[in-house]
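Protein chains in written order, with our numbering: chain V, 9 to 354; chain G, 626 to 707.
Please note that a few of the clues may not be correct.
[To be verified] To be clear about the criterion: a stretch of chain G counts as covered by chain V if any three or more of its residues have a C-beta under 8 Å from a C-beta of chain V, and this derived list gives those stretches: (1) 654 to 660; (2) 671 to 684.
[As the list claims (entries may be wrong)] Cut-off 30 Å, straight-line C-alpha distance, at most; resulting in silico cross-link-like pairs (DSSO-like, lysine-lysine): (3) 46(V) to 223(V); (4) 701(G) to 223(V); (5) 688(G) to 12(V); (6) 152(V) to 688(G).
It should be emphasised that the hints constitute simulated quantities derived from the structure, not laboratory data. By construction, the Cβ of each residue, glycine as well, lies at the ideal position given by its N, Cα and C atoms.
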Amino acid sequence: MSNKYVEMGMRSPVNLTWEVTLACNLRCNHCLSSSGEKACNELSTAEALDLVEQLHTARVFQVNFGGGEPFIRPDFEEILAACHARGIMTCISTNGTLITAELVNRLATNPLVAIQVSLDGARRETCDAVRGDGVFDAAIAAVKLLAATKIPASINTVLTTHNASEIPAMHDLARSLGVSLRVSRFRPSGRGADNWESLRPTPAQLLTFSDWLAKSGDVRTGDSFFSLTTQERQGLGLNLCGAAKLTCCVSPTGHMYPCAFLQSDRFEAGDLRVKKFQEIWDTSEIYASFRNLRIHSCEECTRFDQCHGGCPAVAWHLKNDINGGDPECLERCVTSIADNRLDLAA
Amino acid sequence: MAAAGIKLHPSCRVRQEGFGLLFYDCKGPRLLFAATGTLLPADYFGTVRARDEFPAGTSESQKPALQKFVTQLLEKGFLREQ
Ligand SMILES: C[S@@+](CC[C@H](N)C(=O)[O-])C[C@H]1O[C@@H](n2cnc3c(N)ncnc32)[C@H](O)[C@@H]1O
Ligand code: SF4
Numbered sequence: 009m010s011n012k013y014v015e016m017g018m019r020s021p022v023n024l025t026w027e028v029t030l031a032c033n034l035r036c037n038h039c040l041s042s043s044g045e046k047a048c049n050e051l052s053t054a055e056a057l058d059l060v061e062q063l064h065t066a067r068v069f070q071v072n073f074g075g076g077e078p079f080i081r082p083d084f085e086e087i088l089a090a091c092h093a094r095g096i097m098t099c100i101s102t103n104g105t106l107i108t109a110e111l112v113n114r115l116a117t118n119p120l121v122a123i124q125v126s127l128d129g130a131r132r133e134t135c136d137a138v139r140g141d142g143v144f145d146a147a148i149a150a151v152k153l154l155a156a157t158k159i160p161a162s163i164n165t166v167l168t169t170h171n172a173s174e175i176p177a178m179h180d181l182a183r184s185l186g187v188s189l190r191v192s193r194f195r196p197s198g199r200g201a202d203n204w205e206s207l208r209p210t211p212a213q214l215l216t217f218s219d220w221l222a223k224s225g226d227v228r229t230g231d232s233f234f235s236l237t238t239q240e241r242q243g244l245g246l247n248l249c250g251a252a253k254l255t256c257c258v259s260p261t262g263h264m265y266p267c268a269f270l271q272s273d274r275f276e277a278g279d280l281r282v283k284k285f286q287e288i289w290d291t292s293e294i295y296a297s298f299r300n301l302r303i304h305s306c307e308e309c310t311r312f313d314q315c316h317g318g319c320p321a322v323a324w325h326l327k328n329d330i331n332g333g334d335p336e337c338l339e340r341c342v343t344s345i346a347d348n349r350l351d352l353a354a
Numbered sequence: 626m627a628a629a630g631i632k633l634h635p636s637c638r639v640r641q642e643g644f645g646l647l648f649y650d651c652k653g654p655r656l657l658f659a660a661t662g663t664l665l666p667a668d669y670f671g672t673v674r675a676r677d678e679f680p681a682g683t684s685e686s687q688k689p690a691l692q693k694f695v696t697q698l699l700e701k702g703f704l705r706e707q
């Protein structure tokens with residue numbers, strides 16, 4: 009069932025992803041933003057602080073900081089402090105390599121911050137194959153520093169074909185470190201698109217994961233697996249794509265998009281150097297088109313009420329069709345496995 | 626010791642939307658859509674309130690529904706007793 013209140017339209021996003029820089033000290037081969045070098049013309053400190061003020065006026069509840077590596081930005085703590093001074097909750101996604109005891113102590117003074125450290129395997133070899141040598145150890149050290157404070161901390165894992173069998177072990181690892189586990193769906197964007205075929209989980213792995221997730225109520229997914237959601241997890245999220253309805257994305261250069269996985273000219277909703285945040289949210293034609301998006305090709309499916317056609321970003325990247333229906337939804341995973349069996353039997 | 630009153634939980638936020646109040650709990654995260662119209666201002670639970678205290682102008686006929694709503698918010702953890 010769709011959410012009638014979401015359909016009515018929100019005055020502003022509930023939360024948003026703000027990629028504060030494209031600069032990163034790592035070159036992960038799944039990176040959705042192809043991060044590495046800083047983008048030219050990234051928002052200045054003054055522009056970033058002005059945006060925080062606009063988000064406050066718009067009553068945005070939470071900002072999820074990503075990038076690039078947010079802690080590379082020299083003024084990042086200043087931006088955080090501006091959010092916290094206005095009561096805006098923050099969640100930072102970090103690769104963990106720049107986390108020091110001093111930084112953690114400073115962050116721990118504020119109750120409005122949460123941190124998720126990215127770790128893409130329970131085994132050092134699995135994680136470092138995606139993120140680079142030495143990253144697993146650095147990330148674990150960061151998690152330990154965070155777990156010793158009151159900062160709500162989690163490990164975030166992007167499900168790939170290489171770590172799919174390690175997800176239960178990731179859960180155990182997170183528990184043993186005293187933090188929670190969040191698993192994100194791998195999307196074919198940025199370097200993730202370049203390496204899609206070698207990293208994407210197989211339909212069988214997605215189904216196994218879906219079953220495991222159904223039994224693991226404490227594992228969060230940021231609703232990114234709603235296309236695979238089983239009955240057991242129906243109550244845990246809204247089970248719909250929130251892009252342009254409940255959330256949106258701000259790029260390092262101040263361009264707004266429906267979500268972090270659709271940051272191209274085709275999906276640009278507006279430029280914060282030209283228009284105000286609220287004006288873009290209210291008047292962007294791209295946002296209006298996402299709010300009116302109906303995946304008609306999925307409407308006959310018995311699971312339509314549960315997934316509403318899935319992730320438009322995946323449909324766009326894989327089928328070049330934003331209305332095309334999620335090629336990796338639960339129903340299509342089951343069908344594709346059955347088709348393979350028939351092919352083998354023939 | 627009896628609780629002095631109720632207040633928005635520190636992990637929660639609330640704002641006015643066209644349909645009423647939108648509550649957000651960053652732990653989860655989870656949302657609660659409350660079709661309260663303009664009965665309760667969004668900042669109402671920003672300060673400690675008695676459980677049976679409502680904005681001036683609330684009619685007697687509206688109070689039972691609002692009281693039930695406050696109880697639900699407490700049960701769901703969006704409000705807490707202080
Ligand atoms: C882009 S990173 C930026 C923040 C920080 N550098 C980090 O790695 O956590 C934010 C999150 O997105 C995840 N991510 C990267 N590429 C992805 C992709 N193609 N699909 C889904 N999530 C991805 C990362 O693993 C990380 O947890
Ligand atoms: S996923 Fe994060 S750490 Fe890895 S390259 Fe992208 S921004 Fe850097």
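Hint consistency between residue 152(V) and residue 688(G) [alpha-carbon to alpha-carbon, up to 30 Å]: violated, 49 Å
Three-residue Cβ test at 8 Å for the coverage of the stretch 671 to 684 of chain G by chain V: Coverage by chain V is violated for the stretch 671 to 684 of chain G (0 residues, Cβ < 8 Å).
Straight-line alpha-carbon gap residue 688(G) to residue 12(V), limit 30 Å: Holds - the C-alpha atoms of residue 12(V) and residue 688(G) are around 26 Å apart, at most 30 Å.
Satisfaction of hint between residue 223(V) and residue 701(G), Cα-Cα up to 30 Å: Measuring from Cα to Cα gives roughly 22 Å; hence the hint holds.
Agreement of residue 46(V) and residue 223(V) with the hint, judged by alpha carbon distance not exceeding 30 Å: Answer violated: residue 46(V) to residue 223(V) is near 41 Å, above 30 Å.
Coverage of the stretch 654 to 660 of chain G by chain V, judged on three or more residues with CB within 8 Å: Since 4 is at least three, the answer is holds.
Of the numbered hints stated above, those contradicted by the structure are hints 2, 3 and 6, listed in ascending order.
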